[in-house]
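*Asks:* Given next are the chains, with one letter for each unit.
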Amino acid sequence: MTKFLVFIEQRNGQIKKSSFEAAKTASGLASKLGGSVEAVAVGSEISNLESLGGFGVDKVTHLKNETVTNYSPSAYTQAVVKFVSENGFDSILLAASSMGKDLAPRVAAKLDAGLAVDCVALNVEGSNIIATRPVYAGKALVDVKVTSSVKVFALRPNVFSAGTPTDAKAEVAVTIIDSPNLNVKVVEVKKSEGKLDVSEADAIVAGGRGMKGPEHFGMIEELAKLLGAATGASRAVVDSGWRPHSEQVGQTGKVVSPTLYIAVGISGAIQHIAGMRSSKYIVAINKDKDAPIFQIADYGIAGDVFEVLPKFIDEIKKVKS
Amino acid sequence: MKIAVCVSHVPDTAAKISIGGDGKCIDPAGVTFVVNPYDEYAIEEALKTKEKLGGETVAISLGGDSHKETLRKALAMGIDNAVLLKDNSYRDSLSVAKALAEEIKTQGAELVFFGKQSVDFDNSVVGQMTSELLGYNCVSVVVSFALDGSKVTCEREIEGGKEVVETSLPAVITTQKGLNEPRYASLKGIMAAKKKEIAEKQPAPANNFVEVIAMKRPAAKQAGKIVGTDSSAVPELVRLLREEAKVI
Ligand SMILES: Cc1cc2nc3c(=O)[nH]c(=O)nc-3n(C[C@H](O)[C@H](O)[C@H](O)COP(=O)(O)OP(=O)(O)OC[C@H]3O[C@@H](n4cnc5c(N)ncnc54)[C@H](O)[C@@H]3O)c2cc1C
Ligand SMILES: Nc1ncnc2c1ncn2[C@@H]1O[C@H](COP(=O)(O)O)[C@@H](O)[C@H]1O
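Line order of the protein sequences matches chains A and B. If you count by the numbering used here, then the first sequence holds residues 1 to 321, one letter each, in order. If you count by the numbering used here, then the second sequence holds residues 1001 to 1248, one letter each, in order.
Since the hints were derived computationally from the structure, they do not count as laboratory data. Even glycine gets a Cβ: it sits at the ideal position worked out from N, Cα and C. The reader is advised that the hints may include incorrect statements.
Label-pair ranges, simulated between beta-carbon atoms [claimed, not checked]:
(1) A1029/B / N87/A: 44 to 52 Å
(2) K191/A / E1051/B: 32 to 40 Å
(3) S1168/B / S192/A: 24 to 32 Å
For lysine-lysine, the following DSBU-like pairs were computed, each having C-alpha atoms within a straight-line distance of at most 30 Å [as the list claims (entries may be wrong)]:
(4) K1024/B / K320/A
(5) K1098/B / K82/A
(6) K1216/B / K145/A
(7) K190/A / K17/A
(8) K32/A / K1216/B
(9) K289/A / K1098/B
(10) K1221/B / K289/A
(11) K212/A / K1216/B
(12) K191/A / K145/A
(13) K317/A / K1098/B
(14) K190/A / K1048/B
(15) K320/A / K1048/B
(16) K1052/B / K145/A
(17) K110/A / K1221/B
(18) K225/A / K191/A
(19) K17/A / K1246/B
(20) K32/A / K1098/B
Covered stretches of chain A, as calculated for chain B (at least 3 residues, CB under 8 Å) [as the list claims (entries may be wrong)]:
(21) 31-44
(22) 47-56
(23) 73-81
(24) 174-181
(25) 306-313
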């Protein structure tokens, strides 16, 4: 019997998709190992917690306090650690998002628990969970076993399937948390205006130095808009100041795994590939047929961006209309 | 004020990685090791903070003798002192954090900079863990940092934006690209660093909870299709994306 706990991430009261992925993964593991799945969420108002039942969660506890509206590392850590200590769980699963990557190590340190972060697979071998995670920017993978009594697994978003939810409803319990520790407090969340972030997008159109200048990124934006995609960039164009750092994909940027990644005028340097190699479908447009990006691309056009991209945009417009 | 920086020593990001004979770690032969790129931002921020507010800086690294190269680089950039916690064995993140926390306590550092992530095992967790062990406040993935008295104001990167975070000393900050532009070591700095002593200490032995069972290569990707060399290939590309990949 393994008691699983899923930490549910919410922002503005909305549950993140990656938390459904974690819930579904926990329930899959519980059915193989024998066990139960509970969930916990922290915040003031959170909607739809009962819907977690559709992903295999039996019970959700909402640790509630009116003053904890935004993420607070200190308040969340305190609340989750207390909840785990009082209720005794064996394995804690959560998304390796910005919040999850901040919270998981804090919780693990407090519980003296082993942590496997950024997992891309969790398999059962005997009575153990074997976590697979990329290392060296995805140039290798390691299989790890966590041996502490409490184990923490943070799952790379977009990799695990949330499946199709059933109609089951989870039992929701609300526990008021007194005097949360607000020593570390988020006082404001600055949203990049109306923009889809590369780390959460299902499709990305990314431009590199082959775009020749910031003035040509209108084409990247137009194609992205047509596809409902986020815009990404190589480090070369970010360092040149053509695009904001938040768009950088790669080893020192964001690691992404969308369904579709379109690389335009990007050579495919090892550090860039590190950030996007796990994309499901990769399309490359580059005039150099020997560019390394073609080695990992599923489809490519070895041609000039300025000739190919306008036609690509037209063609997508046609199929979308 | 005492300011500490924790630095790791990692394969250059351009290095080709091959798996060692034991099938659990990389083969270091032919791999160039460098200062972890994120830790350069941590070093720079420590130096900037000292220049503004005074104090003393110390760089700490846990690892084998080769880590002295990275400590030497930190000294050359302007860090005052360096400590090597000498240990050649594998350690998981929590046991690295435990050793670092002990040394930070010994040093009496009130402000500690870490990189966001060490680009070997790409965990991105040691700073946060160390802060919890020390009972320090911590802000991770920081792209702007201001210290006013004991009040700390940072911006940290999140999906689709930034969080403005307030906290106070003692604090751990983990640094992200965008925070600053790391300086180059001057020739004078490099010469001075050569003469400085790097203190060596023996950390408590590791007690690992995360065991590496196997290291393996990612599945090779099938070579893709080059559909064409100009815009006449676009309709076929779009057809493949719709009918074969079913992504648009
Ligand atoms: C420590 C470190 C960390 C790094 N981290 C990252 C990272 O996170 N992300 C990242 O992206 N990079 C990173 N890099 C940089 C990386 O090594 C490359 O320099 C960078 O990715 C190159 O960007 P690019 O592909 O846009 O430019 P280039 O390599 O200059 O490639 C431009 C490409 O455009 C093509 N092209 C030119 N004109 C046209 C045209 N008219 N039509 C079609 N194609 C054209 C060229 O054939 C070429 O392949 C890092 C480097 C280091 C040292
Ligand atoms: N062996 C080490 N010695 C000193 N600092 C380290 C070590 N490993 C990690 N760190 C620090 O912790 C940060 C995050 O590392 P990680 O959690 O391993 O990705 C790094 O950027 C360093 O600042």
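*Asks:* Now tell me, hint by hint, if it's right for this structure.
*Replies:* Going down the list of hints, with the structure as the test:
For the pair A1029/B and N87/A, the beta carbons lie near 49 Å from each other, so the given range of 44 to 52 Å is met. Checked against the given bound of 32 to 40 Å, the beta carbons of K191/A and E1051/B, roughly 34 Å apart, stay inside it. Under the hint 24 to 32 Å, the C-beta atoms of S1168/B and S192/A, about 28 Å apart, fit the expected range. In summary, the hint linking K1024/B to K320/A is not supported, as the alpha carbons are separated by about 48 Å, beyond the 30 Å threshold.
Pair hint K1098/B plus K82/A holds up; C-alpha atoms about 21 Å apart against a cutoff of 30 Å. With a CA separation close to 15 Å, the supplied pair K1216/B and K145/A stays within the 30 Å bound. Restraint check for K190/A and K17/A: satisfied, since their Cα atoms lie roughly 21 Å apart, inside the 30 Å limit. Restraint check: the Cα-Cα separation between K32/A and K1216/B comes to about 25 Å, which is no more than 30 Å; the hinted pair holds.
For the proposed pair K289/A and K1098/B, the alpha carbon gap of about 50 Å is over 30 Å, so the pair is violated. For a cut-off of 30 Å, the pair hint linking K1221/B to K289/A stands: about 18 Å separates their Cα positions. A hinted pair counts as satisfied when its Cα atoms are at most 30 Å apart, and K212/A with K1216/B does not qualify at roughly 38 Å. Restraint check for K191/A and K145/A: not satisfied, since their Cα atoms lie roughly 38 Å apart, outside the 30 Å limit.
Between the alpha carbons of K317/A and K1098/B the distance comes to roughly 56 Å, so the proposed pair goes past 30 Å and is violated. Proximity of K190/A to K1048/B is assessed by CA-CA distance (about 26 Å); at most 30 Å being required, the pair is judged to hold. With a CA separation close to 52 Å, the supplied pair K320/A and K1048/B exceeds the 30 Å bound. Proximity of K1052/B to K145/A is assessed by CA-CA distance (about 45 Å); at most 30 Å being required, the pair is judged violated.
As the CA atoms of K110/A and K1221/B are separated by approximately 40 Å, the hinted pair breaks the 30 Å bound. With a C-alpha separation of about 19 Å, the suggested pair K225/A and K191/A falls inside the 30 Å cut-off, and the hint holds. For the hint pairing K17/A with K1246/B, the CA-to-CA distance comes to about 22 Å; that is within 30 Å, so the pair holds. For the given pair, K32/A sits about 34 Å from K1098/B by alpha-carbon distance, which is inconsistent with the 30 Å threshold.
Chain B is given as covering the segment 31-44 of chain A, and this is violated because 0 residues of the stretch bring a CB closer than 8 Å to a CB of that chain, at least three being needed. With 0 residues bearing a CB less than 8 Å from a CB of chain B, the segment 47-56 of chain A misses the requirement of three and the coverage assertion fails. Under the rule that three or more residues need a Cβ within less than 8 Å of chain B, the assignment of the segment 73-81 of chain A holds, with 3 such residues. Counting residues of the segment 174-181 of chain A whose beta carbon lies closer than 8 Å to any beta carbon of chain B gives 0, which falls below the threshold of three, so the coverage claim is violated.
For the segment 306-313 of chain A, the stated coverage by chain B holds: 5 residues have a C-beta nearer than 8 Å to a C-beta of that chain, and at least 3 were required.
When each numbered hint is compared with the structure, violations occur for hints 4, 9, 11, 12, 13, 15, 16, 17, 20, 21, 22 and 24.
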